[in-house]
Every structure is written in C-alpha cells, then in structure tokens.
Amino acid sequence: MTDKPVETITTKIWRETPEVDNPFAAADCFCAGYNVYGDLLKNASFIDYLFLLFKLQPPNPQQSALLEGLAIALANPGPRDHSVRAAMSAGVGGSTHPSALIAALSVGAGNLGGAREVFHTVEYWQHCNTSLKDWQQLIKNPPAEQRADVWLPMEHPPGFDPNGVSCPTPVKQTLAYLADVGKTVHLNWLQDNRQQLEEFADCPLAFSGVAAAALFDLGFSPEQAEMLYLLLRLPGAAVHSLEQEKLGWRKYPFFANGFKLNP
Amino acid sequence: MPVHSKLEKFEDNWRTSIGGWSLEGKVVLRGKDVFTELNEKPWMEYLLYAATGKESPKLGRLIEAIWVICTSFPDPRIWNNRISALAGTARSTGVLAAAGSLAVTEATVYGLKPIKGASDFLIRADQRLKEGESLEQIIKTELKQFRSVYGYGRPIADADERVKPMMEFARSIGCGNGKYVKLAFDVDEYLSNTRLKYKINIAAVCAALLADEGIDPAELYNLATLSFTAGAMPCFIDASNQQEGGFFPLRTSRLSFTGVEEIRHWEV
Chain L
0 MTDKPVETIT
10 TKIWRETPEV
20 DNPFAAADCF
30 CAGYNVYGDL
40 LKNASFIDYL
50 FLLFKLQPPN
60 PQQSALLEGL
70 AIALANPGPR
80 DHSVRAAMSA
90 GVGGSTHPSA
100 LIAALSVGAG
110 NLGGAREVFH
120 TVEYWQHCNT
130 SLKDWQQLIK
140 NPPAEQRADV
150 WLPMEHPPGF
160 DPNGVSCPTP
170 VKQTLAYLAD
180 VGKTVHLNWL
190 QDNRQQLEEF
200 ADCPLAFSGV
210 AAAALFDLGF
220 SPEQAEMLYL
230 LLRLPGAAVH
240 SLEQEKLGWR
250 KYPFFANGFK
260 LNP
Chain U
0 MPVHSKLEKF
10 EDNWRTSIGG
20 WSLEGKVVLR
30 GKDVFTELNE
40 KPWMEYLLYA
50 ATGKESPKLG
60 RLIEAIWVIC
70 TSFPDPRIWN
80 NRISALAGTA
90 RSTGVLAAAG
100 SLAVTEATVY
110 GLKPIKGASD
120 FLIRADQRLK
130 EGESLEQIIK
140 TELKQFRSVY
150 GYGRPIADAD
160 ERVKPMMEFA
170 RSIGCGNGKY
180 VKLAFDVDEY
190 LSNTRLKYKI
200 NIAAVCAALL
210 ADEGIDPAEL
220 YNLATLSFTA
230 GAMPCFIDAS
240 NQQEGGFFPL
250 RTSRLSFTGV
260 EEIRHWEV
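Those protein sequence lines, which keep their order, are chains L and U.
Going by numbering that gives the first Met the number 0, the first residue of the first sequence is number 0, and it counts up by one from there.
Going by numbering that gives the first Met the number 0, the first residue of the second sequence is number 0, and it counts up by one from there.
Where hints are given, some of them may not hold.
To be verified - For lysine-lysine, the following DSBU-like pairs were computed, each having C-alpha atoms within a straight-line distance of at most 30 angstroms:
#: 1; chain 1: U; residue 1: K112; chain 2: U; residue 2: K139
#: 2; chain 1: U; residue 1: K53; chain 2: U; residue 2: K163
#: 3; chain 1: U; residue 1: K8; chain 2: L; residue 2: K3
#: 4; chain 1: L; residue 1: K245; chain 2: U; residue 2: K163
#: 5; chain 1: U; residue 1: K143; chain 2: L; residue 2: K250
#: 6; chain 1: U; residue 1: K163; chain 2: U; residue 2: K112
#: 7; chain 1: L; residue 1: K250; chain 2: U; residue 2: K112
Simulated from the structure, these hints should not be mistaken for lab results.
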C-alpha cells in the first residue's frame, strides 16, 4: 500500500455504498440524496429523474410537464433534419449502431438548428430577458468573438431560422403548448412577442429558439441546455437510422444527378 | 472481509510497454525515445510503429499510397463523408465532423468491415488451401455462410477504379508479387465469372498487399482507423464555406411514406 492520498472523483450528483463482498460494485446509489434503485426506480418518471440529474432537485408539476412536452417536441426532428440524415447515412452503409448516434451528435451540435445554437440562445435570454429593446440591440449588434474559437461564428440570430419563410406550424404549436403548460415567464413573453422578434431577426423563430426559452425557464444554464438538446433529439436519429439500415443504400438518396463538380 | 474482485490488482496500477510521458519530459513509444530515436520518422512510419511495432520505410510508403489512392475520395455523397458535409452545413466543428465521419467508416458496404474482413478471408482461404481444399470450395462455403465475400463486389459502381493505380504503385516499390495478392486475384477471377459477377474491390487488394508484408487483420484494422480523414475534411470545409443549410436541402415531398395512412388519436 502507498501512503499517497487516493485520488477521488468529486461529485454532488452521485453517492454510492459498496456491496459487502465487492468494493468495485455499488450496493446503493443515491442521486442528490434519493436512492436510485430503491426509490426513484419505482416512484419517479424518467423526465423527473432527468430533471433531478441536472438540477439536483425534483421538478414541480409544471416544470415536469414543461420538460415532458419539450422532450416530446424534440424527440424526432424528422428524417429531413441534418442530424437525423447523418444517422441515416450510417444506417444505409451498415455502419455500427453507435456511429449513427455519434454522427447525429456531431451534426446536431452546430450553430444551425443544433445544440450550439441553443447554447447561444440561452445566453441571449440571460442578457436580454424580457426587454424587447435589448433583444433588438443584441440581434442588431451580436457579440463578436474576441479571439478564435473552434466553433464557427454565428451567421444568423440564434434561435431563428435563416432559411425559414414564416414560423412553421410545429414551432408555433410547441411554443403555444409549452407556454400554456409551463406557465413560465419567458415562454409566454416569447409567445406574445414572437412576431416582433422575428422582425428584428428578419427570419422566423426555430425549434432551437423555443427549446432555449423552455430550458431557460426551467433554470438550465447554456451548457446544460446544450447537453439536454443533444440528448433529447437522439431518439429520432436512432429509429430512422435503424429503418434505413434495413432498407439499405439502394433506397436512400445518393444525389447522383444533383452533384456537380466545377470544371 | 477479503476482496475477491478481479479488478483489485489493477487498482492504481496500470502496467504497459506501449509507452507514455514522464514528468521529466521524456516520451517513450514501444521502448523507444520519441525525441531521439523516432523523431526523424515520417508520420506514416511513426503510425506503423505505434500500431504494430514494425519499422519499415517500404511498408510506410505502401500504406501512405493506400491512404492517398484508395481511402480519401473527397465526395460528400459517400456516406461517411456525408457526415462531414452535413456537419459543415449545420455549422458544427471540424473535429466533430471528422469524428462523426470516422465513426461511420466502420461500415459494411465500404470502410473498415470490408478492410478487416478481406484480410481475414484471404488468410483463412490461404490456410484452407494449404489443408487441401479447392478455391471453389472455399468461396462457395464463404458465400453460403455469409452471402458475400469481403473485398469483392461494390455499391454504386461495378468495377473498382483504384485497383489498377494501386497495383501499379505497389509494383513500383517492389510489392504486389506475394501469395496473398495472387490469391486475391484468383478469387476475383472465380467470382467475376459466377452469376454474382463480383469483381475485386480495393479492400481485397490492400488487404492482400499488406498481408504479403506481414500485416494481420487486427494490425490492418488499427492502421486503417484514420485512413478516411483526408476525404472527409474537405467535405466539411466545402460545406462550411457555402450557405448554411445549403447541402442538399430536402422539401417535405422527398419523404416517401409507406406506413399507416389513417389518422390515429392517442387515447388519454
């Protein structure tokens, strides 16, 4: 045995007690004080446990309903979404199943409709809150990076779709439902001021914008919101990838006629 | 209470001969000092040494040519590259794009599965030939068991345009005359004359070339891990430099729905 101090993992999230015959296996696991397999397993919903993991406090009924609604809204972005197309590209080539989710995460991470956009939009909420004037100014004069970053600079106001024409029905339906069920300040303010903000942005509100408002109302930081957005959109990537794996590359667009190499 | 776990002996105890870094500033790979013994190696020879422990300028050059000629087509429609193009159009990062593309290269119709599988097939086939089986028998058994032979047949196109330039390069450095290359083309001749008309693809050629240089399937797999990156990266860069969201956008009519037609209602 060495007399050097044992290195440990510091965490407020998780505590374990060992099995009596094996110190490498946990007998009891506690998440923020709750016994996970003795209590939460029987009594908590998945959404409540998800909230607890991030916030270390259980949600109230409105928070629970809001996160549940958001999770449904985000679960499948549909097969035309970039991240789902990435997963399907794994499926049609017979790539490993985890690679489909890795691909979906890689692509769904970005500034256009992805998790980084949600990160930035939550930052906008932190800065502007419910001040139309502040939103107008920030959209007009977006923060410029002071030094180079691995992320590309935003090319459009975060939370809005630069390729959109008008706010799509599912975005409006989701915003209306979440504002109603969550009864929170920012979602309701967004519901009331959406068109004005869209005028400032010169493009319509996107799913990323609704998600960011909901996650901000739930008290998540930009980093937590980014992570949750990545997680919550994976079910669609999984099922569409599995479906295309069965159908194969012959039945999946290859854009044989659409690809044009410049001379 | 005595500890019975098989993990106890590893607790705070990782022993390795592969290498590491020391606080004194020394870096060792497979017993050699990186700064004084490996510092003049070309990167591909360093990778070869890292992956296999082998040191061979000729082998390093052969692998490098395989990477250039065979594995990095910069076409964003190829499914692994498509991840990078989509990542670029969705404004993700270059490393996330490369990581996604790399993960997806472990595919069945191209990439790592055929590469490792072709090497494994050729080595098994050679062993069974030695044991007295005929080539026809070996191929028929493979087809019956797996419905395909890794390294033969190709999606989208029939013939593989990489075979000729790769073999020409290999011969120019004194490779390509071994028993596995001969076997690979014997299988090609047999399969292309069956009703399947499977022709040899580049996976079998590379597996054979490297098997003749003493590279086994596991070594080949490790060496090929990063081989697709130079194809994926330009696809990310290209899509990043064009309009965001501009990479082959799909209107809703591009979905061909074959499921339940009726509108159903969720019961509450």
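Do the hints match the structure? See the list:
1. U:K112 - U:K139: holds (20 angstroms)
2. U:K53 - U:K163: holds (27 angstroms)
3. U:K8 - L:K3: Holds - the C-alpha atoms of K3 (chain L) and K8 (chain U) are around 17 angstroms apart, at most 30 angstroms.
4. L:K245 - U:K163: violated (33 angstroms)
5. U:K143 - L:K250: holds (25 angstroms)
6. U:K163 - U:K112: holds (22 angstroms)
7. L:K250 - U:K112: Holds, because 21 angstroms separates the two Cα atoms, which is no more than 30 angstroms.
Violated hints amount to a single one, hint 4; each of the other numbered hints is respected by the structure.
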